[in-house]
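> Here is what each chain is made of, one letter per residue.
Number of protein chains: 2
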Amino acid sequence: MNYAAADVKKLREETGATFNDCKNALADASSWDEAIKILDAKRDKKAEKMIFADRETKQGGVFSYVHHNHNVGVLLELNCSTDFVARSESFRKLASELALQIAGVAPKYINYEDVPAGVVEEARAKILEEPSMARVPAEKREEVISNKLKKNLGEQVLMMQPWIKDDSVVVADLIRRVIAETGENIVLRRFSRFELGK
Amino acid sequence: MNYAAADVKKLREETGATFNDCKNALADASSWDEAIKILDAKRDKKAEKMIFADRETKQGGVFSYVHHNHNVGVLLELNCSTDFVARSESFRKLASELALQIAGVAPKYINYEDVPAGVVEEARAKILEEPSMARVPAEKREEVISNKLKKNLGEQVLMMQPWIKDDSVVVADLIRRVIAETGENIVLRRFSRFELGK
Chain A
127 MNYAAADVKK
137 LREETGATFN
147 DCKNALADAS
157 SWDEAIKILD
167 AKRDKKAEKM
177 IFADRETKQG
187 GVFSYVHHNH
197 NVGVLLELNC
207 STDFVARSES
217 FRKLASELAL
227 QIAGVAPKYI
237 NYEDVPAGVV
247 EEARAKILEE
257 PSMARVPAEK
267 REEVISNKLK
277 KNLGEQVLMM
287 QPWIKDDSVV
297 VADLIRRVIA
307 ETGENIVLRR
317 FSRFELGK
Chain B
127 MNYAAADVKK
137 LREETGATFN
147 DCKNALADAS
157 SWDEAIKILD
167 AKRDKKAEKM
177 IFADRETKQG
187 GVFSYVHHNH
197 NVGVLLELNC
207 STDFVARSES
217 FRKLASELAL
227 QIAGVAPKYI
237 NYEDVPAGVV
247 EEARAKILEE
257 PSMARVPAEK
267 REEVISNKLK
277 KNLGEQVLMM
287 QPWIKDDSVV
297 VADLIRRVIA
307 ETGENIVLRR
317 FSRFELGK
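Quick mapping for you: the protein sequence lines, in order, are chains A and B. Just so we're aligned, residue 127 is where the first sequence starts under this note's numbering, counting upward by one. Just so we're aligned, residue 127 is where the second sequence starts under this note's numbering, counting upward by one.
Hints are computed from structural coordinates only; laboratory data are not their basis.
As the list makes no split between identical chains, a pair holds if one copy fits it or if it spans any two.
Distance condition first, Cα-Cα at most 30 Å in a straight line; then the derived DSSO-like pairs of lysine-lysine:
#1 K324 / K172
#2 K324 / K234
#3 K219 / K324
#4 K184 / K234
Just need the whole structure built from these sequences, with the hints factored in.
Structural data, given as structure tokens:
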């Protein structure tokens with residue numbers, strides 16, 4: 127598409143991508159939305175590379191959030207690879223957003239893989255009892271069950287939860303953004319959430 | 127003993143006891159140290175009454191401490207009976223001292239009763255192997271073992287640990303003081319302690 131220098135500037139502000147990436151995205155795209163999609167895809171690819179690079183994540187920090195009335199509190203450990211990133215503003219902001227999300231929405235698990243097999247089995251049994259399942263053709267059955275499972279159980283999985291401050295993204299996206307920005311794998315290792323009297 | 131008004135004032139400042147309690151303690155005691163002991167005993171008795179009154183402890187709050195370098199953090203729930211005490215300066219100060227102690231000394235258990243049976247058995251077996259145990263008469267054996275167990279395992283038990291700021295008292299004493307002061311049972315219900323990378 128045709129674009130002006132002001133467009134590059136606007137795109138950089140909106141996406142946080144580099145000047146060159148924005149210019150290339152605008153040149154390749156046929157619309158503004160497509161340019162943003164190109165940048166998103168690029169960021170996801172970069173983040174994925176970082177995640178699978180499997181670099182040791184032994185740095186990072188322990189962070190807490192306690193609600194002002196002391197009714198709920200969260201403690202978490204967020205890991206990255208270097209002390210440099212651990213001290214960065216983006217990393218600390220991410221830790222604080224995660225703590226706030228956990229305090230507000232009370233997830234039970236960090237990743238979908240953390241849901242115990244027994245809980246998955248129980249949810250699967252309930253899905254099979256749904257009247258609508260009888261109408262699903264046999265060859266589609268496993269796929270439908272799997273999607274329903276992720277939908278039902280996902281509410282309890284932090285990474286799959288819509289972010290409380292912007293439900294157009296899930297929590298995993300928040301982490302991916304900082305991974306792309308810092309060039310380091312970032313992992314939420316563990317969390318505790320205490321609610322008064324519960 | 128003979129005492130002056132200034133002594134009562136000094137004793138109040140030192141112990142936090144009431145004017146009448148200090149006056150009576152000085153009158154009954156034959157020395158300054160004995161007066162303090164009388165007040166201590168009185169406070170312990172009062173605290174014990176509160177503890178065994180078994181009033182519901184459903185109020186309180188969730189508190190956290192994170193070390194400035196984010197290497198270690200603690201989350202805890204401290205309970206009391208009324209919202210009034212939960213909001214008091216003494217209660218909040220106690221919560222903060224407990225969090226600091228847990229961060230610094232890393233206890234594994236809150237009370238001695240929380241030590242798992244398997245751990246006690248293992249410690250007992252080790253004690254029985256000590257050469258000195260052979261010289262303990264049979265009728266004293268259980269008492270000696272019990273004392274050694276409490277000494278060895280007590281290091282991992284928060285309530286039995288010497289307070290990091292004054293090792294002449296144990297952590298349980300800190301709580302007893304606030305129980306006596308507020309007239310409410312106070313219970314540390316749970317804690318989490320995260321250390322970066324551990």
